[in-house]
Structures are given as structure tokens and as C-alpha cells.
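Participant: Here are the chains, one letter per residue:
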Amino acid sequence: MLLRNFLRNLPSFQYMPEADVDHIAAAMRVDDYPDQHVFIYQERLNRDLFLLIDGKVRVCHYGNVGRYYTLKTLKPGEFFGIPSLSQGVPAITSCQASGPVKVASLPFSAYMLLYQPDSEIGCRFQYVIASQLARDLQDRHDALRNLLRQVYGDKGETPVA
Amino acid sequence: MSTVEEEMEPIMDEQTLFKHLPELEGQLGVEHVKPLLDRISVQVLQDGEILLHDQALADALYLVLSGSLRLSLEVGAHAMQLGDIGPGNWVGEVAYFSGQRIASCTVTASGETEVARLSYQDFDALMVEDSVVVCRLTHGFVQMLMRRLRGTANNPIIDPKGEMLLLGDLSVPWDDLSQQPHGVIDFLKTLLGVH
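Residue numbers (the numbering used here), protein chains in the order written: chain A, 1 to 161; chain B, 1 to 195.
Heads up, some of the hints might be wrong.
[As the list claims (entries may be wrong)] Rough simulated footprint, nothing fancy, chain A against chain B, three-plus residues with beta-carbon under 8 Å:
id, stretch
1, 66-76
2, 99-109
3, 120-132
4, 140-154
The set of hints was computed from the structure by calculation and includes no laboratory data.
Predicted model, so just to flag it, every value in this text is computed and none were measured.
No residue lacks a Cβ here, since even glycine has one placed at the ideal position from N, Cα and C.
Produce the complete structure using the sequences and hints provided.
Facilitator: Right under this line is the structure:
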């Protein structure tokens, strides 16, 4: 499977001209990784933008109550590693393969050029980044909403003591 | 609480725009600013008024001009407070960029609050007519989304009143908002921890 074809089919690439998709695909490399491979460690700087091509990747966080929990499980077509890479700060989550996975990666030097909105391709890539972050935040809210349901029941009713 | 039926003002001036979106100042010429301003209207919300309902359809982006908005998740009669956002911050961007156009939380005015409204339809139109302004705005949304993701990483706690809430600051402060997009060297310095 060609990476550029995979990218073209992503909804967030809908505004990206084919030439730009080709440039981005050319800058990425695709590799296979084993189960449990850690792409990003919490509290460490991340240096690549990752795109899950096949398999599952768990996004986990060691939280304020000393518990390690899964924030979301990524599906093919999702990017990960954006906040740490963009802000140059340690990651707030770990990202680990759940089973064998195929992942494309873009080195930070290439990502840096796309993250800055000073070029036409950078401008269009802002939409790709925003789409993934919005999806991440929406998934996080869904997870929190499910937690509310678990605590208060399906209809949000207060449990009878 | 009541739904939003506020007095609409047709225009917002350039000075107000740059005051609340300082990262755009110097980045956009008048040819980019005017089409944006033409599409923005201003609304005043009273304390407790609901701007967006969790899981209901959303059709616009809102920029806080004064006051603050409270964000919460709702399930039945119960809610989880996510936090407050202040002037210079947007809501409605998750629904837009996720492509679902469904509000991801309830947004309520906390005190009298003034917001600028830019409909998704107008944002789409701007993307076709003037990609520069959309590009700059989207870069700002990216900063805000990253901040909110960081603020919601922890699991919620239950406060002494029995309410579930997250420990996280969702509002990007003025100082951060006024930072211009940094250049390549600054980016490398930040990434490598060099000052």
C-alpha cells in the first residue's frame, strides 16, 4: 500500500493538493513495530510525528492519583505525538503498541516546516493538526462522559444507597 | 437558565479583533481582516445562559471578548466541570475540526459575557476566499486544543461538594496569546531546551 494513497483518503487531507500530499508522504517512513513497542514516553520529549497505518496504539497517562490508565486507543489514520513535538515540552502521555503495528513517522525537522503557518503547505497542514487534536479532545470528553455514566448509571441517575 | 437569544451587533472593529487575538496582529493585512470582520457578530450572554449544549448541534465558533465561559460534560442530571475559559479563547472549534458539528461539552456564561460569533459556514467560505486568515486562525486553534488536551489528561476528582471536576487550566492566558508564531531557530531552541 502506498502511503500517499493512505494519506489522500484521510478526511483531514481533504484540502491538501496532491502535490503537497506527495511531499508529505515522501518525507515519512513506514515501519513495522512489535507488540508493546513504546513510541512516546510520558515526561520525555517526543521527536517524531507518528501516523498509525495498521493496528492499535494505546495512549496512556500516569495520573494525579498515582494510577496508570488508558486515555484512548488510536485507530488507523490517527496521528499522535503532536503536542510534545509542537510545543517542545515533555509528553503528557505514553503511546504504546497494542499488538503488532505499522506506523509512519515524520522527523521533527520536517514537521517543524509543516507546523509553522508561513508556507502554503504549512497553512494547509494546520487543518490536519487541528483535526487530529479536535478528535483527541472529543474522544477524551467521550471517555469522561462514559465515566460519568459508570458512576451515576446509564441515565445519569444518582445510585440508590 | 435560558437559551441564547441575545441582542446582535453587526460589526466588530479591527482594534477589538487584535486585542483579543494578538497573535494575528502584524500577520494579517487589511485585505484579510475586513472579510473576517464582515462575518463576525457580537453577542452578550447573561450569567447562566447556555451557549452550547453538550452533544447538540453546533454551528459556530465563539471567541470570548469579556467575562468567561464554563465548560462541562453532562449525563442526565449530572455534570462534570472541565474548567473555565476567558477572553481571547474560543469554543466551538472541536465540533468544527472533528467534522461532526456536535458540541463536545456544555458552554455556559459565567457572569455577563461578551462573545464574537463566526459561523462554520462563514469559516468555510473564508477558507475558499482567503486561506491566509483561516490559516492563522487555525494555528491559534491548534495552540488552544493542545492546551485543553493537557488540561484534561488527568482523571476527574470529586470535590467536597460531591461534584466531579477536572484539575486543569483550559484557558490560554493573555501572555501566551500574544506570542507570535516562532521561527525555525526558536523552534529548535525550544525543542532542544536551549535558552
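Participant: With reference to the structure, classify each hint as holding or not holding.
Facilitator: Comparing the hints with the structure gives:
1. Evaluation of the coverage hint for the stretch 66-76 of chain B: fulfilled, as 4 residues show C-beta separations to chain A shorter than 8 Å, against a requirement of three.
2. Figure legend: the stretch 99-109 of chain B, annotated as covered by chain A; annotation consistent (4 residues with Cβ-Cβ distances under 8 Å, at least 3 required).
3. Given as covered by chain A, the stretch 120-132 of chain B passes the check, having 3 residues with a CB less than 8 Å from a CB of that chain where 3 are the minimum.
4. Check on the stretch 140-154 of chain B: 10 of its residues sit with their Cβ under 8 Å from a Cβ of chain A, so the three-residue criterion for coverage holds.
Every hint from the earlier list agrees with this structure, and none is contradicted.
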